[in-house]
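Residues per chain are reported as follows:
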Amino acid sequence: MLAIRDLRVSVGALELVHIERLEIPEGRRVGLVGESGSGKSITAMSIAGLQPREARLAGSVRFAGRELVGLSDGDMARVRGARIGFIPQDPTRALNPTTRVGPQVAEALRLNTPLGRGAIRARVLELFAQVRLPEPAALYHRYPHQISGGQQQRVLIAMAIAARPALLVADEPTTALDVTVQNEILRLILELSRAERMAMLFVSHELGVVRAVCDDIGVVYGGRLVEFAPAGAIAARPRHRYTEALIGANPGLPAGDEIPRQSGRRFTVIDGSVPAAGRFPAGCRFRNRCRHATAACETDPPIAPGEAGAWVKCWHPVAAGGPP
Amino acid sequence: MADRPARGTSKDERQGMNPRVLLVIGRETLTLVVSAMVGSLVVFALLRLLGGDVALMILGQEAPPEAAAAMREELGLNRPWFVQYLDWIGGFFTGDVGRSYSGGYDIFEQIVARLGPTTLLAFGSLAVSILLALAIGTYSALNSRNAGGTAVDLFAQLGIAVPAFWAGLLLVYLFAVVLGWLPAGGYVPFLEDPLGSLVSLVLPVAALSLGSTAVKTRFVRSAMLDVMNEDYIRTAMAKGRTFNAAVLRHGLRNVAIPVLTVSTLQLGNLMAGAVVIENVFVLPGLGRLLLVAVQGREVLVVQSLALVILMIVLVMNFVMDLSYGLLDPRIADRRGRPAHG
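If you read the sequences in order, they're chains A and B. Going by the numbering used here, the residue at position 229 of the first sequence is 229; the numbering climbs one at a time, nothing skipped. Going by the numbering used here, the residue at position 324 of the second sequence is 1324; the numbering climbs one at a time, nothing skipped.
Chain B with its partners taken away, still in its complex shape (with noise of 0.2 Å):
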């Protein structure tokens, strides 16, 4: 415990942007990968494991063998696993994933066109959510001994027992039906009206964000009390701070870490939840083809729409956990280390 200073010289660290954050992004960037690449394997095993005969799905129960076996041998299903394994995946980088069985469409033009409503309101509702947990439930931890607080408590624990689909159907009913002011259902591109496309996902982007706002909300609430209580708000008081502006100040960053934790958790749900809400508003965006590939038994659709989900997941992941390390440098440090030092 010398008074000497630590590792690290100053150069990097004034420039902010340390070889240690590179290493985290590199390391980022990799289990991104592996994982995308055990995830595709997985969601094409269990298609596979599923069983049934994807031909005789497409010609009937009834079709005579050789029109299925002619059939198998179009799709290409008597090469091996692993070369049709490949080919699919390849397909994704070619821009050719095949065509739909019954609806004849192109699987990967209907995947980049369906792309931005899905990504729009997942982002969408994650950030909305962040940003009104980590607003919401400091008001309410900072007024937490009055009927402020309170209430706000009340309001999550509503939000949290209200699944989306009801609140969705709800806020349609409200804004939509009896006030007019915002559109039941559909989806203006966003290239072509950003506002009016972000108008059209008001209503989405809400009904898929209550419940895990709402979660986030009281986590953000519990984790502020316990920060509430830390000695470096003490010193920030000390330095001439007031209680509430000690806590804004240098509270919010480190409840936004915890805050981040518990949403990446909640990605998968929240994935789940927009194919639902998709369904409600009427937005024409992967979720919605799910469905439709889903009652129309489009083994090829179904699979190629789980692995876009599921980057889109990945992705999200990637982003927050780089933003973890960003806004935790004791996390940057950690990781960071190479494995030997």
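Next comes chain A alone, as it looks inside the complex (with noise of 0.2 Å):
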């Protein structure tokens, strides 16, 4: 339903982002995980025409079989909402202070449904009780302020899914809250997408929430997805060399057996830092931070199709089958 090709997201001469294929069938959901400024939040706030402004985009995303690269701001704007919703990273800043919750709701469903003023609020109430609010008539009349972070993110996923999208776009939406919050929050979004049958494009800095969410899991270093695999076989069967040392370096996440779940876990640390934006090395991005790394890195390695539609981009992928 989803299929990017080349896209490629920039800011002046500066490419902040370059995604050579990226697949979401109807109903999947597909995680991309990554370190921040990784460029994950970018392509997800792409795909549903939020970049930043000064931001431009080229390539392909077809999306239901329309093109939304190079679609105006008007035109996206109608699938927006309707086709694609948006679920944001800081539900604390991302309702408008100075206006009650409940209308803020009701302004999705006014913009893409044809429904009247009666059956908007009553469909809000409804939509209320679906992302589990307490006492949704109060609420309706509350200012975001006067609310909890976690009913504030809540007020925000009746929004994305008020006009029924077929693709819910998901940007951490998890990782302002409390914890004791974030389960349940993650929690609704799965069971959401299940019951409404939504595709979705999860974005998340943890790989252990985005296994547990997703399907599907793309891995993204320095602006390009470098592995792309169904969630149970990334963790147990990393193939990139960034994604093994990722697991590696998380401690919570055992990657097949080799670390243990005791006190004193052994975790290694990835070698020097995630460089700025416009200077990482030429040909695979990872390599100045990989052990693995040889002169056939310097040219940019080609996607290697694996198993069950993975693929890897890497000179020297750990072998199919295990950890060496």
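The set of hints was computed from the structure by calculation and includes no laboratory data. Check the hints yourself; a few may be wrong.
On the chain B side, residues computed to face chain A include the following (Cβ under 7 Å) [stated by the list, open to error]:
{"id": "1", "residue": "R1048"}
{"id": "2", "residue": "G1052"}
{"id": "3", "residue": "R1079"}
{"id": "4", "residue": "T1235"}
{"id": "5", "residue": "M1237"}
{"id": "6", "residue": "R1241"}
{"id": "7", "residue": "T1242"}
{"id": "8", "residue": "H1250"}
{"id": "9", "residue": "R1330"}
Glycine included, C-beta positions come from ideal geometry on N, C-alpha and C.
Take the two lone chains and join them into the complex the hints point to.
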């Protein structure tokens, strides 16, 4: 349903993101995982037409048979909300502070459905109940600052699914929330995407979270998608050297069996730090931090297909079938 | 951070008028009354501290001491200061502030008669400058990257640099002398001929609001450029709005809040400008009376006018503070909260 080919997002001469390929079939949940600054959020926002104003898109994003790259803001606005829903990163900043929350959700329905005033109000209350907000009728009249961060995110989720979009784009939807609330929100998003049969692009810096929510996972480094595989496969058998290092650096996430779960668990550190945008080496972008890099890595690695639609973009991948 | 509803009951909020709002109104009213009392004392004290004998000012420096003493007795100047103060303030409620020493007119009557043009001029200029600044500043911000926005910015900068009286003279020359579209001066009372009254105020209001509009326009522009980067603008776009529609729908109200703050700070300047503009356009307002009274050294008239102008500023301030609280629900919550809560 969504197919990306060579999507490039740039600001001026600086190319922030170059995603060679990414597919989201109908009803499937795809996760993008990467460090902060890897370009995963920009990618997600660009798909929804919400990229920063100074950013320029090139390449192709086909959504339900329609090319989105190059659409005017007006045409893209008709896709946003109606066909693509968006859940933002920081709910405490994403609601208009001067407007009550009910009418803010009602606006989404007014823009994307033919419903009348009364029906819209009823539907908002229904949505509030669906995202499990307490006392929907009372909450309708609250201002954003009068409800908790978790409730604000529920309101935003209600807004995103209001018009029953085919694709839900969630940009780190739990990062800004209390740990206790995070799980509830994740479960809610997962449940809604199942119930409404929405495809989803889910962005997070936590592999564990993405693995719990998504069917497929793409790993982003330096604005490139470097590996793509079914969720179960990627943690058990990472192929890209960056994915391998990422899992190794994550003590809470067992990769295979080699990391003990008990105290004193071992984890490795990725050498160096993520370069600033535009400072990545030519060829494989990870090669200056990679322990397996050779001269071959100075040229951009091709996409090497694996099993079940998986692929990796690496000259020296971990051998298929298990870590060496 | 449990997912439980916050304080306040739904019923109050459904009616749009909750106890918090009433509390805000109460508080602002109290502030207004206290400020007025302190302000009137300061005005009264300042003119006393200037020194000089009012009786001698009226009779001339060569007047015999007995005549001066009689004059002081007649004017009540030998009474204790607080009696004089209360008598003066009381006059505003009973409609008897006294008479002009040299002009012989009734001060209260004159003030009432001249209140119309001045309030129309001041409130009109305030409203015009806020609305214009919001419109022009928003346009300029939305077009910040092309020629339209830059041109607006340039004009705004010019507007700041031009003093009100000079702008007034230029406007009179262009629209009254060259084009003959508008009267060069004079005033038609609003109640007699509302339309004619507004026409007679177009040029004065334009001249008076020019500078403050320019300042506010630049302010709106920069506030709007900030708002454009807010997450809630992106949320509005995610709902299906274009960028421009999202900014107009969700940005304007958020920008109006800081603009009101700036406008409040400009109120003093606005009234000072009104005095000048009334004299440029020969409007029979308080400013003209003030100028004449200062030239004639009419202490009582000047003192009374100062108080009236102070009251106009305080009332405008009151109105703005109220709308401020109504525009931003967060402020209403904060100010309306009882001190112990």
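Right, here's what the structure says about each hint:
1. Of the supplied interface hints, the one on B/R1048 is violated, with its beta-carbon coming no nearer than about 47 Å to a beta-carbon of chain A, more than 7 Å.
2. Evaluation of the B/G1052 hint against chain A yields a violated restraint, the C-beta minimum of about 53 Å exceeding 7 Å.
3. Below 7 Å, beta-carbon pairs count as interface contacts, and B/R1079 has none with chain A, the closest being about 54 Å; its hint is therefore violated.
4. Checking B/T1235 against chain A by beta carbon gives a least distance of about 5 Å; that is within 7 Å, so the hint holds.
5. About 6 Å separates the beta-carbon of B/M1237 from the nearest beta-carbon of chain A, less than 7 Å, and the hint is met.
6. Here the hint on B/R1241 is kept, as its CB sits about 6 Å from the closest CB of chain A, short of 7 Å.
7. Hint on B/T1242 holds. Least Cβ distance to chain A is approximately 5 Å, under the 7 Å limit.
8. The interface hint given for B/H1250 holds, since its Cβ lies 5 Å from the closest Cβ of chain A, which is under the 7 Å cut-off.
9. Proximity of B/R1330 to chain A holds as hinted, the smallest CB-CB distance being about 5 Å (cut-off 7 Å).
Hints 1, 2, 3 from the list above are not met by this structure, while the remaining hints are.
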